[in-house]
Amino acid sequence: MNLRLVRTMLVLVFFFVLIGCAGKKTVVVLLPDPDGKVGAVSVTTDGGQQLLSEAGQMTRTSNRKKEPELPSLMEEAKIQELFSEVLAVEPEPPARFILYFDSGSVRLTASSTALLPEIFSAVKIRSSTDVGVTGHTDRMGSPKYNLALSLKRANRVKEHLVSGGVAATVIAVTSHGEANPLVKTADNVAEPRNRRVEVIVR
Amino acid sequence: MLRILVLFCFVWMGTVVAALGGETYAGHVKEARGAVEVVRAGKPLPVQEGFGVSEGDMIRTGEDGAVGIIFRDDTILSLGPESELSVERYLFSPREGHLAMIARMVRGTASYLSGTIGKLSPESVRFETPTATLGVRGTRFLVKVD
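Chain order of the listed sequences is L and P. In terms of the working numbering, the first sequence is numbered consecutively and its last residue is 504. In terms of the working numbering, the second sequence is numbered consecutively and its last residue is 1221.
Looking at chain P on its own, in the form it has when it is part of the complex (with noise of 0.2 Å):
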């Protein structure tokens, strides 16, 4: 019974500390140069390397900026300058079967590295530009949309 008992509060414990310890965000940027902010829920915020990352938010770089961000499931997403890129969807919860990465690109230069979710479930990642779907299979890739 104390087993039982110890063995629930670890589970929870750990339930816990993963929601605390950053969970919540979809990914982090890891670089950022020159002029980059995040709109979310319509507001602008600056941008500086340790931003979190979430699901619904807009990338946008400026003449001089780049930003390069790792995701939980570490697929990394690079933009180049004058770039505008959603991160319209991103589910990561394996053991929920939770799995899905959709980012749509408005416009500019992006680097995209495939992680976890496109390990475990190729189908559940999309990139989106105005003239393309991207299906990925294990891959790194280049786009620009003009």
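Just chain L, with the same shape it has in the complex (with noise of 0.2 Å):
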């Protein structure tokens, strides 16, 4: 299906949702990460655009000709009030691991070894059945020996985590050769924090 057709029928979509359900309205709540962090949230109407950047800043829509309203900072308690349930039910976020190899091989380095009794124990922690484990390579040298070589590595250490007890079934391996880098780089530069396997428990 092409953009263009994704769009059109997006805006017919649109069209019978508003004749069908005029006036709702719309209240975005920007919150800071797990780990602090604050994003950014831009908020678009026919009428206009707000973009919301501060931590409990919030806006609110009821139509869409008109511009959403200017950014304000929701309290605390009035955010619990609103979405107390929402709260409660979010997932922990995954828990990530990276792990890197010897040069060339698919033996793991003797520290990233040292990080698979961890991931055991996050599997266990959070009874996880959906557990990724993705190879990723740098921009240096030939895409084909390098993604080959990302994948033989995911398939490794999936054999690890088998033998530590975790189901080969909740077990997900892919590559995202260059795509997905932990450093950007120009291409053909060698960058070996890139080349590495992570594995995300879910």
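Source of the hints: derived by calculation from the structure; they are not laboratory data. Quick reminder that beta carbons are idealized off the backbone N, C-alpha and C, glycines included. There's no promise every hint is true.
Lysine-lysine pairs mimicking DSSO-like chemistry, simulated, CA-CA at most 30 Å apart [unchecked claim]:
1) L:380 <-> L:339
2) L:380 <-> L:426
3) P:1194 <-> L:339
4) L:368 <-> L:380
5) L:339 <-> L:486
6) L:367 <-> L:426
7) L:486 <-> P:1194
8) L:327 <-> L:339
9) L:367 <-> L:380
10) L:380 <-> P:1118
11) L:368 <-> L:327
12) L:339 <-> P:1118
13) L:446 <-> P:1194
14) P:1194 <-> L:426
15) L:426 <-> L:339
16) L:380 <-> L:327
Covered stretches of chain P (chain L as the covering partner; in silico rule of three or more C-beta atoms under 8 Å from a C-beta of chain L) [as the list claims (entries may be wrong)]:
17) 1129-1135
18) 1205-1215
Take the two lone chains and join them into the complex the hints point to.
Have a look at this one:
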């Protein structure tokens, strides 16, 4: 499905929704991430846009034709009043582990081997049924070779997890190649920190 | 020659394993309380922890319902009671540059924490309500639609 068709469909859907439920109010509140960082949310109507960029900032829209309200701060007590159930059900963010290997091989480095018990522990504590093992490469050398090596390494990590007691069926192995670097570099630049396998325990 | 064959086998294995290892789902339900259902191809399905959520699913909670979902890119989406939201679009294949997430919320309360799609391609993420379009920049927010 090409993008234009998708956009057209979304616009048609919007019109039907508008006719059906004119006057639905939307309230948006920006919160800090679990690690305390604060991002930004843009709230757009046909009448204009507001940007929330501070923790606790909120805006409100009641009508697509009008600009969203100027950002204001929502008190903690009000946030709890409106959102207590959804805040209570929020899953814990996944635990992320980064593993490295001896050069050109599928052998974990000593310090990465030492991380394995922590991974087993995270899987157990979370009763995880969804563990992602993802290989990554840097932008140096042959993409084909890099991709194959990153997948071999990811599969090797999966073997480690399975021998540590993690069920193979909950583990999904993939590779992002060079598309998801830890450290951004120009093409053909070696960056050992990117040549990693990430284990994400959800 | 043998080395090329071995490498090829591993790549192929990796792809097959990736396909089998739940890669077809957009995400999984991590928490579910009270009445939660997913409407898929017009059919309502009961939801419990571990339920695989797909692109196109419409997630609905009842008066006492609440649900928390972790997507493959680690986006975390939660719904409170009496809420309804569709996962209109979900694409996460960074190697092919396929990144997209469009959520459309009809009513209720939601919390959204952006994941890798939002990190790699913030313009590919959109959260729609009846009266607003939300764009995200590496962030967490709450939405209430009345």
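Each hint, compared with the structure:
1. L:380 <-> L:339: holds (22 Å)
2. L:380 <-> L:426: Violated, at roughly 36 Å.
3. P:1194 <-> L:339: holds (13 Å)
4. L:368 <-> L:380: holds (25 Å)
5. L:339 <-> L:486: holds (20 Å)
6. L:367 <-> L:426: Roughly 51 Å between the alpha carbons, so the hint for residue 367 of chain L and residue 426 of chain L is violated.
7. L:486 <-> P:1194: Given that 30 Å is the threshold and the Cα spacing comes to 13 Å, the pair holds.
8. L:327 <-> L:339: Holds - the C-alpha atoms of residue 339 of chain L and residue 327 of chain L are around 28 Å apart, at most 30 Å.
9. L:367 <-> L:380: Holds: residue 367 of chain L and residue 380 of chain L sit about 27 Å apart, inside 30 Å.
10. L:380 <-> P:1118: violated (37 Å)
11. L:368 <-> L:327: Holds - the C-alpha atoms of residue 327 of chain L and residue 368 of chain L are around 12 Å apart, at most 30 Å.
12. L:339 <-> P:1118: With Cα atoms ~40 Å apart, residue 339 of chain L and residue 1118 of chain P exceed 30 Å; violated.
13. L:446 <-> P:1194: holds (25 Å)
14. P:1194 <-> L:426: Between residue 1194 of chain P and residue 426 of chain L the Cα gap is close to 28 Å, so the pair holds against 30 Å.
15. L:426 <-> L:339: Since the Cα atoms of residue 426 of chain L and residue 339 of chain L sit roughly 28 Å apart, the hinted pair holds (cutoff 30 Å).
16. L:380 <-> L:327: holds (17 Å)
17. 1129-1135: Violated, because only 0 residues of the stretch 1129-1135 of chain P bring their Cβ atoms closer than 8 Å to Cβ atoms of chain L.
18. 1205-1215: Per the Cβ count (11), the hint holds.
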